[in-house]
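Given only the sequences and the hints, what does the whole structure look like? Please build it.
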Amino acid sequence: MIDISGIRELWIKGHYRALIMPTKEDNTVIVSLDIFSQKWKFKIEDETRINDIKLVYARFKPEEIGLNNTVNSIERVEIVGAIGSNFTQTISARIWIKVLKSEVLEEDLKLIHEKLMKLIS
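Residue 1 is where the sequence shown starts when you use the working numbering, and the numbers rise one by one after that.
Worth flagging that the hints you see were computed from the coordinates, not collected in a lab.
Zero decoy hints are in this set.
In the DSS-like style, the derived pairs of lysine-lysine whose C-alpha atoms are separated by at most 25 Å in a straight line are:
#: 1; residue 1: Lys110; residue 2: Lys39
#: 2; residue 1: Lys118; residue 2: Lys39
#: 3; residue 1: Lys115; residue 2: Lys41
#: 4; residue 1: Lys61; residue 2: Lys24
#: 5; residue 1: Lys110; residue 2: Lys41
#: 6; residue 1: Lys118; residue 2: Lys13
#: 7; residue 1: Lys39; residue 2: Lys115
#: 8; residue 1: Lys118; residue 2: Lys98
#: 9; residue 1: Lys54; residue 2: Lys118
#: 10; residue 1: Lys98; residue 2: Lys115
#: 11; residue 1: Lys115; residue 2: Lys101
#: 12; residue 1: Lys61; residue 2: Lys115
#: 13; residue 1: Lys13; residue 2: Lys39
#: 14; residue 1: Lys39; residue 2: Lys54
#: 15; residue 1: Lys39; residue 2: Lys61
Structure follows, in structure tokens:
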């Protein structure tokens with residue numbers, strides 16, 4: 001369950017937003033991270049359709065995509081995209097992080113964003 005009162009946002013490079021949502025149960029945060037590319041290059045593991053647009057999802061263990069070197073432990077990564085008749089996009093990432101040192105969480109998120117942007121470009 002999300003701790004609504006603890007939700008905060010971090011702006012990265014001026015226009016990418018990380019929405020940080022702490023859970024009530026433990027030291028885990030779920031982060032919705034803006035990333036963007038006009039490409040989708042991952043195996044689709046789940047999808048849903050809204051009119052003529054498919055929302056697609058790919059799930060990863062952090063080490064599968066080079067995200068195993070942060071101070072706070074990344075538990076899971078999900079990348080979200082959209083596919084239409086004349087476009088494909090990668091639009092966001094959802095990241096589950098076990099917070100070990102809260103004072104470096106923002107730096108970890110900036111590093112994660114940088115690595116994901118390289119991955120999707």
